[in-house]
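Trainee: Numbering (the working numbering), first residue to last: 537 to 946.
Mixed in with the good hints, there may be bad ones.
Here are the simulated lysine-lysine pairs, PhoX-like style, with alpha carbons at most 20 Å apart [stated by the list, open to error]: (1) K574 <-> K586; (2) K659 <-> K575; (3) K917 <-> K930; (4) K636 <-> K575; (5) K612 <-> K636; (6) K659 <-> K574; (7) K612 <-> K586.
Calculated directly from the structure, the hints in this document are not laboratory data.
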Amino acid sequence: MKWYYGLPSVLMGVSIALLQPQAVTAICSNNQVDAIAKKITVLVLISGAKNGSGSGIIIQRNGNTYTVLTAYHVVKDPNSQYQIVTPDGQHYRVNYQTVKQPTNNIDSAVLQFTSNQNYPVAKIGNSDTVKRLTNIYLAGFPGKRGGVRVPPVYDCRDGQVIANATQTIVEDGYTLFHKSSARPGMSGGAVLNEQGEVIGIFGKGENPSFETVRGAGRNYSIPINTFIKLSAGVGVNLGISLPDVPNAGTPQADDYLVQADYKLHKRDYSGAIAAYNEVIRLNPNYAEALLYRNRGSSYYALGDTQAAIADFNEAIKINPDDAKAYAVRGIARYKLGDRRAAIRDFNEVIKINPDDARAYAGRGIARYELGDKQGAIADLKTAANLSAQQGNKKLYQKVSELLRIFQRYF
537 MKWYYGLPSV LMGVSIALLQ PQAVTAICSN NQVDAIAKKI TVLVLISGAK NGSGSGIIIQ
597 RNGNTYTVLT AYHVVKDPNS QYQIVTPDGQ HYRVNYQTVK QPTNNIDSAV LQFTSNQNYP
657 VAKIGNSDTV KRLTNIYLAG FPGKRGGVRV PPVYDCRDGQ VIANATQTIV EDGYTLFHKS
717 SARPGMSGGA VLNEQGEVIG IFGKGENPSF ETVRGAGRNY SIPINTFIKL SAGVGVNLGI
777 SLPDVPNAGT PQADDYLVQA DYKLHKRDYS GAIAAYNEVI RLNPNYAEAL LYRNRGSSYY
837 ALGDTQAAIA DFNEAIKINP DDAKAYAVRG IARYKLGDRR AAIRDFNEVI KINPDDARAY
897 AGRGIARYEL GDKQGAIADL KTAANLSAQQ GNKKLYQKVS ELLRIFQRYF
């Protein structure tokens with residue numbers, strides 16, 4: 537999401553994705569699930585115009601042919617070469633003709649490899665039964681750390697469900713939201729329940745880098761039931777009959793939350809606000825900072841800055857460590873002309889995440905306008921150094937340009 541709408545051009549259109557270059561400690565608290573996941577999760581190596589990697593799940597075996605489920609965006613380039621690396625370290629070349637996407641608007645795909653080795657097949661769970669606050673586990677092969685490509689190594693991480701929409705389908709099929717410390721390269725990997733059953737296909741994070749603040753950001757997965765309903769179209773029969781969904785046709789709070797997120801992504805801010813309001817109406821105790829932060833951002837985009845600040849206040853009340861809530865509130869306060877309050881909010885962002893280049897840039901601009909030119913230049917230098925270290929060329933160029941202007945007139 538792009539939140540820096542109100543600041544000068546140095547930050548205009550730049551995402552507030554909060555980077556954390558150091559590795560987040562990999563912890564899967566359920567050793568049994570970790571052991572299961574390690575046996576069914578494979579590495580997908582990509583060789584082509586853009587080398588890279590992703591993850592996949594062994595879901596079926598017919599003779600010596602294995603079927604792997606992954607995210608379609610991992611294997612979408614027909615001009616690239618793909619290999620499956622199994623848990624025993626064996627490499628198997630993929631014939632791209634076996635890559636099939638169930639439908640164009642769902643980001644899932646299957647592919648096949650052949651082997652005489654005996655590899656375990658995933659046990660499939662019922663994703664419709666997954667409730668908010670349920671503990672889940674993500675398995676995959678992260679291939680980046682702090683924006684830097686590293687050799688992919690198997691990893692399993694704890695997570696917790698934020699929302700699971702069973703009555704709503706959105707573009708790409710991402711209707712299972714969860715908190716987890718996923719990283720790039722884990723796309724296509726398994727989301728598992730406490731029994732070690734696959735209940736989702738991990739796909740993407742809240743920001744392009746998937747990096748998270750203090751180890752737990754919001755991530756998106758496709759419920760496994762979404763794939764099961766379409767699996768016959770790609771020649772996969774898992775022998776699973778899905779039970780009827782309770783309250784079918786009646787949207788629940790989770791459905792409205794997913795709809796709101798989708799509308800926000802499409803910049804339908806009024807529609808997003810209406811959907812967030814429905815979440816709160818159906819579940820007044822839905823104490824999720826993200827809901828209020830995103831509704832506040834929708835108000836801000838529509839020009840209702842006071843309503844936006846009220847929601848940001850609520851988000852911070854729920855989660856005092858929500859750096860993004862402080863950041864967007866700082867922007868809103870800046871827009872209202874309260875530079876000192878904006879600086880206080882950027883201070884909080886920096887306290888929570890000392891490596892946030894954008895927070896230094898925002899604070900530097902506010903300091904400059906208050907006459908603290910020396911402090912402003914110091915902040916902009918820090919922002920430039922951090923953005924360079926993090927490989928954010930766009931922000932580095934804009935901050936450097938502004939720094940030259942400030943130094944010229946200082």
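Trainee: Against each hint, give a clear statement of whether it holds in the structure.
Mentor: Hints, one by one, checked against the model:
no., hint, result
1, K574 <-> K586, "violated (27 Å)"
2, K659 <-> K575, "holds (11 Å)"
3, K917 <-> K930, "holds (15 Å)"
4, K636 <-> K575, "violated (23 Å)"
5, K612 <-> K636, "holds (9 Å)"
6, K659 <-> K574, "holds (13 Å)"
7, K612 <-> K586, "holds (12 Å)"
Checked against the numbered hints above, the structure violates hints 1 and 4; every other hint is satisfied.
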